[in-house]
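Asker: Generate coordinates for the entire structure from the input sequences, incorporating the hints supplied.
Given next are the chains, with one letter for each unit.
Protein chains: 2
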Amino acid sequence: MQATWVNGTATDQINIADRGLGYGDGVFETIAVIGGYPQRLPQHLSRLAYGLARLGFPDQVASQVELDLAQLPLCGDQTVKVIVTRGKGLRGYAPPQTVSATRIITVAERALNTEKMEKGVVARVCDYRLPLNPALAQLKHLNRLDQVMARAEWQDPNISEGVMLDAEGFVVEGTMSNLFWYDPEKGEVQTPLLDRCGVKGVMRDHLIGVLKRENISVVEGRFLPSVLMQANDLFMCNSLIGLWPIVTLDNKHYDVGPITRLLQSILQREIDCE
Amino acid sequence: MQATWVNGTATDQINIADRGLGYGDGVFETIAVIGGYPQRLPQHLSRLAYGLARLGFPDQVASQVELDLAQLPLCGDQTVKVIVTRGKGLRGYAPPQTVSATRIITVAERALNTEKMEKGVVARVCDYRLPLNPALAQLKHLNRLDQVMARAEWQDPNISEGVMLDAEGFVVEGTMSNLFWYDPEKGEVQTPLLDRCGVKGVMRDHLIGVLKRENISVVEGRFLPSVLMQANDLFMCNSLIGLWPIVTLDNKHYDVGPITRLLQSILQREIDCE
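Read top to bottom, the protein sequences are chains A and B.
Residues 9 to 282 (the numbering used here) make up the first sequence, in order.
Residues 9 to 282 (the numbering used here) make up the second sequence, in order.
One or more hints might be untrue.
Said to hold, decoys possible - Computed cross-link-like contacts, SDA-like style, restricted to lysine to any residue with a CA-CA straight-line distance of at most 20 angstroms:
1) B:124 to A:102
2) A:148 to A:49
3) B:194 to B:238
4) B:124 to B:272
5) A:89 to B:23
6) A:96 to B:20
7) B:89 to A:100
Hints are computed from structural coordinates only; laboratory data are not their basis.
Answerer: Given below as structure tokens:
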């Protein structure tokens with residue numbers, strides 16, 4: 009069961025001249041709804057607005073999306089996907105002088121995978137490398153062929169995620185998640201810096217804040233995969249799954265660590281407080 | 009006036025769950041039709057098949073597009089745009105096990121800009137840099153935010169094209185065209201190598217072949233913008249415009265050169281022969 013709207017009208021169709029299709033000219037958000045409440049909605053709207061601004065969309069588009077979302081008939085546990093494109097365009101790459109953005113919303117049921125949250129998942133390091141592109145780094149834009157190509161590297165349903173490296177070999181993210189781990193030597197949680205590529209996840213930024221509030225040192229930096237081989241408490245996160253421990257990465261095994269469990273319990277409490 | 013088909017059915021709508029919209033998971037072609045004849049159709053179909061294969065689409069998709077195109081009611085001077093996507097997908101980047109591709113065709117009228125062909129155009133060097141991404145280089149895929157961002161740098165209608173450099177500062181292409189020029193010192197035509205980024209245009213490859221047949225030396229390589237400042241006969245090309253001389257690039261002026269005129273006359277003869 010899913011429900012869909014385009015610019016406030018119930019439909020699942022868009023025009024083939026839309027720049028979202030032709031060029032991937034837009035951004036998207038995926039928001040978890042728990043007990044009828046969209047989780048971290050202000051943060052999602054803020055990232056959406058930031059992405060639209062970086063792409064040069066008019067200011068009012070993010071507010072229109074906020075209005076759309078406020079009118080959604082949400083209930084229970086759902087997933088909301090929002091796609092915002094630069095709308096229909098004339099032929100050619102030049103953005104239209106007057107942008108009439110397309111706002112696409114899909115609401116679907118959400119089944120939380122509690123087993124993966126508890127027991128953890130298997131991941132692999134992808135061969136496909138993320139190109140360095142500071143101009144589009146951090147944005148959750150619609151040009152996602154890099155992720156498609158990386159995800160196409162495996163069919164094994166037992167593997168839940170692929171760790172992506174950048175063109176220089178530094179760890180960036182998972183195909184659909186951000187990554188954190190604990191470096192026992194330095195006594196700090198580490199996560200990749202996303203200044204040259206990667207998607208700056210809402211859950212990632214939230215967890216950085218949580219770690220700081222818990223007085224756990226967290227460092228964004230450039231890390232080679234060898235760092236992960238010495239790490240504990242490796243986990244992946246995004247707004248939909250929450251936080252999944254990674255218990256196997258290629259040939260290396262990890263125990264589910266105390267920081268992982270602490271963050272999971274905090275995320276759980278935050279839901280209860282809603 | 010334009011006519012549109014999706015998977016052989018006359019419509020201008022696609023489903024919002026299409027991976028072309030969500031991820032830019034697909035490729036496209038733009039084909040010039042002159043006097044009812046699609047120009048260089050085998051080359052376009054061949055590039056389409058190559059791009060689909062690189063993205064891991066099933067073999068038969070390119071043949072389905074060939075059938076679609078054979079049934080089009082073409083007449084006069086038109087532009088055919090073909091978009092092929094990996095179709096509707098489940099949520100997530102993993103390509104579906106069984107791909108049901110979406111084939112989108114738009115036929116529109118084509119107005120040839122003979123003034124730009126004759127008198128040449130003004131271009132500028134873009135600030136936006138193309139990221140190095142060998143895994144997707146050469147493909148005319150649907151992830152075109154780089155071109156959108158570069159094209160958004162200017163609104164001046166007197167500027168027809170932007171020259172794009174890669175992350176290391178080498179010349180790659182125009183936002184919508186490939187580039188050639190003559191190096192008088194080396195006595196050769198030069199065009200950027202597209203092994204790390206850029207779109208390998210059908211017209212580009214055709215012109216390389218024409219130059220070779222005319223015994224004019226043509227070299228693909230890495231060239232800095234300074235090379236263009238010493239060049240003659242700078243021109244841009246693509247399947248729709250044919251070949252436009254560039255007479256101004258930022259502050260540098262060029263005469264329309266003899267190689268440009270030779271190639272234009274050969275392209276003109278090829279049309280007449282159809």
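Asker: Against each hint, give a clear statement of whether it holds in the structure.
Answerer: Hints and how they fare:
1. A distance of roughly 18 angstroms separates the Cα atoms of residue 124 of chain B and residue 102 of chain A; the hinted pair therefore holds under the 20 angstroms criterion.
2. Restraint check: the Cα-Cα separation between residue 148 of chain A and residue 49 of chain A comes to about 16 angstroms, which is no more than 20 angstroms; the hinted pair holds.
3. For the hint pairing residue 194 of chain B with residue 238 of chain B, the CA-to-CA distance comes to about 11 angstroms; that is within 20 angstroms, so the pair holds.
4. Between residue 124 of chain B and residue 272 of chain B the alpha-carbon distance is near 12 angstroms, which keeps this suggested pair within the 20 angstroms criterion.
5. Between the alpha carbons of residue 89 of chain A and residue 23 of chain B the distance comes to roughly 15 angstroms, so the proposed pair stays at or under 20 angstroms and holds.
6. Distance hint between residue 96 of chain A and residue 20 of chain B is fulfilled; the C-alpha atoms sit about 12 angstroms from each other, no more than 20 angstroms.
7. Only pairs whose Cα atoms come within 20 angstroms are accepted, and residue 89 of chain B paired with residue 100 of chain A is accepted, the gap being roughly 12 angstroms.
Going down the numbered hints, you'll see the structure goes against none, and every one checks out.
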